[in-house]
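Asks: Now for the letters of each chain:
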Amino acid sequence: MAAATENANCSTFSPEEILSEVRCFLRATSCEGKLGNESLTHSALFLLKNLPAARQAVLEHLCNVFDEAVYNHILQLEVDNSNTGETAAGLDLILQDGCGVLLNFIKTNPAGWAPIISSWSLELLGQLSRKYSEQRGVSHDTSLNQFLQMWMTCKPTKLLIEVSTECFAAMVGGNPDICVNTLLEVSVKYSPHFDWVVAHIGSCFPTTIITRVLMCGLKDFRQHSNRGADIEMTENKTPKMASVVGILGHLANKHGQDIRNALMKLFEDSLQTENEAPMTTIPFLLQLANMSPMLLQVLATDLVTSLTPCVLNTLYQRFLCWKKNNQQEYDSLLSLVVHLMMKVDIGAHQVLQFLLDTTTRGEVNNERRTYTIQRFSSEVHNQLLFELQKAVFTLHRDQQNDIPFLTALHSRTLELTTLLLGSQGERVEWLLQLMADIALYSEEDCAPDILSHLLVTATNEMQLKLFVRLQSRLELGYPWILENTIQRILSELQSSPAHRQNKILGNIKVLLKWEQLCTKSTHSRSTLRQCITSHWQEFTPLMAHSDLNLAVTTMKIFNLISIPPTVSTDINLHMCGSLVELFYRILQLQDDRKTLKLVYICRQHVQRLCRHIYAQCMLIRFLIESVMAEENCQLFGGKVGRNNQKDSVSLYESNQKHEQSLTLLRSHSSVFHAGIIGHGLKHTVKQNILNNDQISRNRQCLLELLWMSSQEQSVPINRDSDSTMDIDRSSPKTRQRGLKMSGDLCRMVGGLVVELTTPDVLYNNRFWPEEDSLRVTVERDLFVWKKFEDNPVLWDIMEMYASNCLVMCRASPVLKCLTATLMNHFEASREKSARNSPKHAQAACILVKCLAKSQLLPPPLCYVSELFLLATPYEVYLLLLAVWRYMKENPPTEDPEEVKRRVAEEQHVQLVRSIMHNNIDKMGQLYPRFFSSKETNMK
Amino acid sequence: MTQIMKRLQYLEFPECSIQALEYLVLTHSSQPGTVIPGFGGHEEEISIEISQNYILFQNRKGKLSAVQELNLLEMLCHSLQTAPEGSRYTIFKVIFGGKPEECKTLLLTSLVSMALSTSCGAVLDCAALWMQEHDCYSKPVCDLSRTLVEDYCILFSDVNPAFQRLPSVSPLFTCNLITAVTTIYPFRDKKTIPPASLLEYLTEWISDDYCLCSESVRLVRIQAHFSCPFPGLVNWCVLGPLVLQCENSNEISVSENTSIVTLSKLHLSVLQSLQAYRSMELSQELFLMSTMLVVAQTLLGHQKQKHPTDKDLIHSAIDRLGQVIQVALETGSLKVERGRSELRKINKLLPHNRLLSMVSRKYAAEPMDVS
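Listed in order, the protein sequences are those of chains A and B.
Heads up: the first sequence at position 851 corresponds to 851 in the numbering used here, and the numbers run straight through without jumps.
Add 939 to the 1-based position in the second sequence for the numbering used here, that's all there is to it.
Derived from the structure by calculation, the hints contain no laboratory data.
Do not take every clue at face value.
Computed Cβ-Cβ distance ranges for the label pairs, DEER-style [as the list claims (entries may be wrong)]:
#	chain 1	residue 1	chain 2	residue 2	range
1	A	Asp177	B	Glu1040	47 to 53 Å
2	A	Asp177	B	Pro953	37 to 43 Å
3	A	Asp177	B	Glu982	35 to 41 Å
4	B	Pro953	A	Thr153	51 to 57 Å
5	B	Ala1135	A	Asp269	53 to 59 Å
6	A	Ile346	B	Leu1003	52 to 58 Å
7	B	Glu1040	A	Asn325	49 to 55 Å
8	B	Glu1072	A	Asp269	55 to 61 Å
9	A	Asp177	B	Gly1036	34 to 40 Å
In the SDA-like style, the derived pairs of lysine to any residue whose C-alpha atoms are separated by at most 25 Å in a straight line are [claimed, not checked]:
#	chain 1	residue 1	chain 2	residue 2
10	A	Lys219	A	Ser335
11	A	Lys503	B	Thr1201
12	A	Lys219	B	Lys1130
13	A	Lys189	B	Lys1130
Stretch-level coverage of chain B by chain A, calculated; a stretch enters the list once three of its residues show a Cβ under 8 Å from a Cβ in chain A [stated by the list, open to error]:
#	stretch
14	1008–1014
15	1088–1098
We put the beta carbon where it would ideally sit given N, CA and C, even for glycine.
The shape of chain A in the complex, shown without the other chains (with noise of 0.2 Å):
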């Protein structure tokens, strides 16, 4: 310091004083190893302050001074021994006199001294920093801040940062650009050990360096893009780009804000002025992007939002007649452009969201996009498109390609995917082609994600559409897509309300509508019917849903796909179960439009369930206990409500009283059958709440599907895929040739109408006993009559299967039990004629209907129903124990061939022509048809 302070009267020397100071001063330096030494620093700083010629030398000193003194340092801290500290304290005497004089220069002379001092210094600075730090070997990965901590221990080098920033402090307010521009070229020449300086000082005046630095920049680069016309071209011409890149890089940690301002500052200028600004502030900016993923950033999140359309349009202007002349510049401009955008990280969503919007025509503040710039936004879509494509299918091949935008878009697939959705036209096409982009540059689950949203959110055909095209493209990456759709839509199914599931359902049955519909289409994908057809089982629980569409629309898809022939008992009788119940909610239905369709659905269900017997077994079982079910008994024109009756009543109770009160004859009628003694009357049941158009066709349809389900399947098994089709044209022919069913179906059957509707398993063997024993049986037989009486539908059913004998011969019982009753009923009854009992008469027409249809009855046995009608009850009872004897003589068997055998003897048809005889005017029509082969046969 001491030097510094007489400076005041410094240049009153003679020319002789100094020429004898730059000798000493050369003589001095000649001498290698005396940088320390006071006199010749004295005369250094002599010069320095009297001679301008001088300044270089001394300067140059300095740096030597300086050189030394940091190579002192660093042995100091390397050794650690302090044998150096006397020189060092020396030198750092001689350097705080220098930087003392040095400071004074720039303190009484700013503008004149400060980018002399600044230039010396910083070069000095990057000499010394690469140099120590070569020899010291630091590391690369040493950061940044452990650089600044090194250096800024370094006294020497605290010394000259100081300096440098004296001069920035300087410069700063006068003439910033100078000193950014040594910044910049010394950083340029010493990068990487230089970064600390710029670091430092660029945090000592942010906003200057920030501004400055990019104006610099700027101008380098509207320099050297004037000279050369190639864009790509600039990033090695431009070697100030990388440090102006750089020192923005070191900044951006405290100062992200003010590059922000700066950027978009620098952008708004571009505009505002009138020349040709932007023609190169744009390029500029873009290199600035393409060099750090920092700027680029900034870009694509704040200069994305700026280009409104009116910006736009001005911008279009300007580059309306550059765009003209360098054709070839503009080429290399889209390209940068679309190379950044794949680049782009954090506002990849902006950017792709602004990019579909230029290419609309939106309106924002009155102004217009116009078509030209619709036009090249598409035109820089469809490259974007085209570059990303490339990269993903090359992604592999090179494997550290990087697609941040890819990246990016990932986790907003789902946006993307509802964007898709809601998308037409041109963007359509866009979207998808990115999203197969992003699938398969992702992970393997990103694409079953939007294939499974895109499933589950659709909810038109175009939107299905496009899973489809998604779908083929994303198998080019993944042969196993669909496979893993489909698990998650199932995953998602379980866990969606029922408006949900409805939808999902519905979309899985269009799609497999059409691939049904295209099969030999040579669009190559695989199927979804393929992958469900492998998951069928999952789809099970939904036939049993709550929501009807719901398990309509299962029971579709499985329609649609192709059940294996071997499934498992459990699942089959799960599907049985769902099914039978779904019929039933089916038949609920008023609609008969509705309801006819969807059994008709049932009855396919039905033909592809019922491969196999136990199928079937389980499947009629379940159709004829669930007939007689309270909530289903309706539907058929049952009788509901018998029982509730008889839960509320202990009837060990209410005997009990009677017993307390009256001594009545305890007989049948008085407990059961005129109601409860002090209950009243018996409650009328409430009954045929639905109509009789209702109820005969919930019976036609469940006979249907009863025969449906009892056809023996004589197809073969494996003609699943083929058509769904065939079952409707294959059906009219099963039926005419009547039904025919497996024998173990038909004992099942017949067993099943004895357990359903007898009390219990005694007497429930298949012969008929003597007459007299009926008047034991009699409350058994009520029974029976009873549940006929109350579920009409066992009628139908008794005669649907009334053809087989070996049903009838298993229904023995039943059909004892239910002569038995008709016996009895005839045998009282009073009536003039069995007409007026019709209920009764239509039941024995039936029974003798059913055993003769079973040829269980011989003829002319078999045609005494006929006769019912024409006589009085008596004579029907009389009738009806001529069967009763002959079935008594001739029990039911399950053997057709002896049932074929089997005649009428004489003592069976006695009573019957003795009755024709006695009725010969009414039913003498009929005589010939009972007798006329007989006689003949007897003649």
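Fit chain B to the supplied structure of chain A, relying on the hints for placement.
Replies: Chain B alone, transformed into the frame defined by chain A:
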């Protein structure tokens, strides 16, 4: 290869330059008569080669360090100073002559700067001749002058005695420096205002010695073309105050005010120098009337930008122009014969000024009367 070349080949920096310089001084100090005509060319070639290799170090790979350069400068100064007066410029020309290449001019600039500090007249005289040869408006000369101005006027705000007494050391150099400086800083607008200290120095120099500005003209007998500082100085005197006040018309800072005062002093000195020029009887035309016309046009440009209240300023500027024209015409440094139309134009162009119209009437109309 001559012996000296062989010897120099094996020498390191300071010695080789010392020897080279010694050789140069020795060869060129000999009396002109002693060299046999026809052999001189050979000597000349060797000298140039030596200077290129061992003084300018054009062919050397590494440049000299700044300290070494300082050493070289010191040697050069010393050698030229001690060389016989007659051969100084010859030696100088061997080293710095020929095409103005960068390395030459840079070294020369440092050398001149050094000579200035150390009041080494010999070097400065040589440099002055060099400047004259290259024309004071040329780029190398302007660059050199700019460096000097930066070194002595801008970087140090204090008065530099060496610079101050420059006219006494080498008047010719001073004169040429002034010409170059007025070229660098034409004082036409805000950007070309000379540093205040430079203005001070110049004014002091000129007012101390009215013949200073004519120094270069004096050499006209040796060198055919010359450049004199008068046109540039007229620019300064006439336009200077306008420029200084024009840019920030609201208020004038103290330094600018002193500058204006200095300018008027300079104006007086210029007029007196012109008068002194007459007494030197060199009878060379220093100005052209077209130069005056350009000044007038620039003035007019300023007048248009001006606030109307600054009429006085414009008028005093026109007055000054008139004065210069009149004195120049009177002293013969401006020949009316070749510029009558321009004079009339000036008179017509500028707002009415009594002096100017009188001058115009007197000179522009004269030949008409004769005819």
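Asks: Compare the structure with each hint and give your call.
Replies: A quick look at each hint next to the structure:
Against the hinted window of 47 to 53 Å, the Cβ-Cβ separation of Asp177/A and Glu1040/B comes to about 30 Å, which falls outside the hint. A hinted range of 37 to 43 Å holds for the C-beta pair Asp177/A and Pro953/B, which are about 40 Å apart. With their beta carbons about 51 Å apart, Asp177/A and Glu982/B fall outside the hinted range of 35 to 41 Å. For Pro953/B and Thr153/A, the Cβ-Cβ distance of about 39 Å falls outside the hinted range of 51 to 57 Å, so the restraint is violated.
Between Ala1135/B and Asp269/A the CB atoms are about 35 Å apart, so this pair departs from the stated range of 53 to 59 Å. At roughly 54 Å, the beta-carbon separation of Ile346/A and Leu1003/B lies within the given 52 to 58 Å, and the hint holds. Between Glu1040/B and Asn325/A the Cβ separation comes to about 39 Å, which falls outside the hinted range of 49 to 55 Å. Between Glu1072/B and Asp269/A the beta carbons are some 49 Å apart, a value that contradicts the proposed interval 55 to 61 Å.
About 38 Å separates the C-beta atoms of Asp177/A and Gly1036/B, a value consistent with the hinted range of 34 to 40 Å. Annotation: proposed proximity of Lys219/A to Ser335/A holds, straight-line Cα distance about 23 Å (limit 25 Å). Annotation: proposed proximity of Lys503/A to Thr1201/B is violated, straight-line Cα distance about 96 Å (limit 25 Å). Restraint check: the Cα-Cα separation between Lys219/A and Lys1130/B comes to about 21 Å, which is no more than 25 Å; the hinted pair holds.
As the CA atoms of Lys189/A and Lys1130/B are separated by approximately 32 Å, the hinted pair breaks the 25 Å bound. With 5 residues having a beta carbon nearer than 8 Å to a beta carbon of chain A, the stretch 1008–1014 of chain B meets the requirement of three or more and the stated coverage holds. Coverage of the stretch 1088–1098 of chain B by chain A holds [criterion: at least 3 residues with CB-CB distance below 8 Å; count 9].
Hints 1, 3, 4, 5, 7, 8, 11, 13 from the earlier list are contradicted by this structure; the remaining hints agree with it.
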